[in-house]
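Enquirer: Chains A and B, in that order, give the protein sequences. Residue numbering for the first sequence is 1 to 268, as defined by our numbering. Residue numbering for the second sequence is 1001 to 1298, as defined by our numbering.
Hints should not be assumed to be uniformly reliable.
Stated by the list, open to error - Below, computed lysine-lysine pairings styled on DSS-like, alpha-carbon distance capped at 27 Å:
no., chain 1, residue 1, chain 2, residue 2
1, B, Lys1192, B, Lys1202
2, A, Lys16, B, Lys1095
3, B, Lys1232, B, Lys1247
4, B, Lys1247, A, Lys265
Claimed, not checked - Facing chain A, a subset of chain B residues (Cβ under 10 Å, in silico):
no., residue
5, Lys1011
6, Pro1071
7, Tyr1085
8, Leu1088
9, Ile1096
10, Thr1097
11, Ala1137
12, Thr1274
13, Leu1278
To be verified - Derived coverage of chain B by chain A (criterion: at least 3 residues anywhere in the stretch with Cβ under 8 Å from a Cβ of chain A; other residues may be distant):
no., stretch
14, 1021 to 1028
15, 1046 to 1054
16, 1098 to 1104
Treat the hints as calculated values from the structure; they're not laboratory data. Note that the Cβ used here is the ideal one computed from N, Cα and C, for glycine as well.
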Amino acid sequence: MLYLLQLEWLKQKQHKSFLLLASLFLFLLPSSLLIAKSIRTWPPPINTPQTFFQFPDVFMYLGYVGNWLCFFLLGFHAVSIVTQEFSNRTFRQNIIAGLTRADLFKSKVAYLFVVAFFATLYFGLVAFLFGITHTDAIYASVAFKNIDYIPRFFLMCLGYMSFGLLLGTWIRRTGTALFLYFSYVLFIELILRWGVHMNVFKHRSMHFYPMNAIEDLAPIPFAEFAKGFEKEMDFGFFLSPQEAMITTSVYIILFLAGTYLLMAKRDL
Amino acid sequence: MSILSISSLSKNYGRIHAVDSLSMNIEEGNVFGLLGPNGSGKTTTLGMILGVILPDAGQFQWFDGRYGGNPRRRIGTLLETPNFYPYLGALNNLKITAHIKKAVNPDYNGLLELVKLRGRENDPFRTYSFGMKQRLAIAAALLDDPDVLIFDEPTNGLDPQGIAEVRETILQVAARGKTILMASHILDEVEKICSHVAIIKKGRLLASGEVTNILSNDQWIEVSAAETDKLKALLESIPDILSVSEKEDFWLLTTKPGFEPATLNRMAFQNGITLTHLTSRQKSLESKFLEITREDLS
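In isolation and in its complexed conformation, chain A is listed as follows (with noise of 0.2 Å):
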């Protein structure tokens, strides 16, 4: 596997598209929060933006800002890694040169978890750096209150690359998987949630979408209208955490399954 991995790196460590998603992931995970303090007031029930940095609700928000930056940057990124090798023909190559079609499949999700792994560390540190710098009082059980945002996150990460590379190993062209990945996230998967399945079924099970159980990781956080929903329908807005980490995790394994069938049963 680390040689597997190695080969990885010495694909990725002077592409410059890597190089400028890292560098934004680092850039915008703290700056997008720290722009909440630009604005001096806000409305109830948050009222001054200190709240976004203390513990343990710094999760939360860093948690939603991460979730976008996930969706856009390490998506993107899995989907591009994946429709290159393709669109160079470096995938043929590889196999030609001696890796086989299960190495292939190895390397690109043991790259993505490496990558998760990494954008999680950061998130942890992110977080606990504004936590213990924002809080006044340090108490344990409040700085690890919502410490499940770690693992949820590392989720969050593989749940979007591993449908960025599905997407990306099915179309292989590069322009065509990112658009089919951005309009399922931001338009289709709505569009079947709310258009069609809540109009046939009006029941929970509307929120079991893969895309909606991803988000759900990191929810957004000041959902009054989601109180509003729950008053209409008989149930919530969001899926538990639970639920929403097996749910994703269930999708992960059938992402993952998928591409590797479409890597192993097609030509290159």
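Position chain B against the provided structure of chain A, taking the given hints into account.
Expert: Just chain B, lined up with the frame of chain A:
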């Protein structure tokens, strides 16, 4: 030792039989030419034996199974176009190939020298000319001293000097006793480089064997005499003469192997015919190739 044995390999693209029940065998030390017109299934065949195209039917085995299911690390390949990471230079691209091949201490400088890419090894691959890309592909194929080399149309798209250089490189490698499999649609190239040849068309094997055998299997004799009718009657009575066709001012014969022009001369003399023209020549691979592929059409 058998380097590669292929039996009944087939691949269809919809209704098109790209490769149709192809069987052949390549022995150690062969410089094997896979000869066929464009679209005859050469690259598809190579793609299948290299694991990038999945066959619909048939089997192949490399090295008598010595390296198990994935022998490709022992094979150096240039398949179709040179495919590398466009944002990396020659050196880093070679490092990736070497990593995949698990090469121990690869001689990057020697290889870059050999393919004349020293000085440009850190420029991105996308800035290279086609000739340079092709030469890098040859360097990648030669990495880690493979047991077998596969070249698919290695001189395609190169200028005359580049063609001569690539052929020279291949001959040098062949001289070291390497087994080489080369696909080409250029007869001259196969004739100059290869010891063995398989001719394929529309995915079917039409002929295969040593290049010299395919060349010497048939010979042509041109003959003419003042007594045309008598000569024709004589020619048709000799069983070793396979065909007689009339050309502008001579008869063109194909004969069984070993039939000597001297025999014909003696027989003509005994029958009171004075030959005015008698030459024998071997069919060139080109005419053989055209003949074989034409037979297939009819």
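Enquirer: Confirm or reject each hint.
Expert: Comparing the hints with the structure gives:
| no. | hint | verdict |
| --- | --- | --- |
| 1 | Lys1192/B - Lys1202/B | holds, 24 Å |
| 2 | Lys16/A - Lys1095/B | holds, 19 Å |
| 3 | Lys1232/B - Lys1247/B | holds, 12 Å |
| 4 | Lys1247/B - Lys265/A | violated, 56 Å |
| 5 | Lys1011 | holds, 9 Å |
| 6 | Pro1071 | holds, 9 Å |
| 7 | Tyr1085 | holds, 6 Å |
| 8 | Leu1088 | holds, 6 Å |
| 9 | Ile1096 | holds, 5 Å |
| 10 | Thr1097 | holds, 5 Å |
| 11 | Ala1137 | holds, 9 Å |
| 12 | Thr1274 | violated, 63 Å |
| 13 | Leu1278 | violated, 53 Å |
| 14 | 1021 to 1028 | violated (count 0) |
| 15 | 1046 to 1054 | holds (count 6) |
| 16 | 1098 to 1104 | holds (count 4) |
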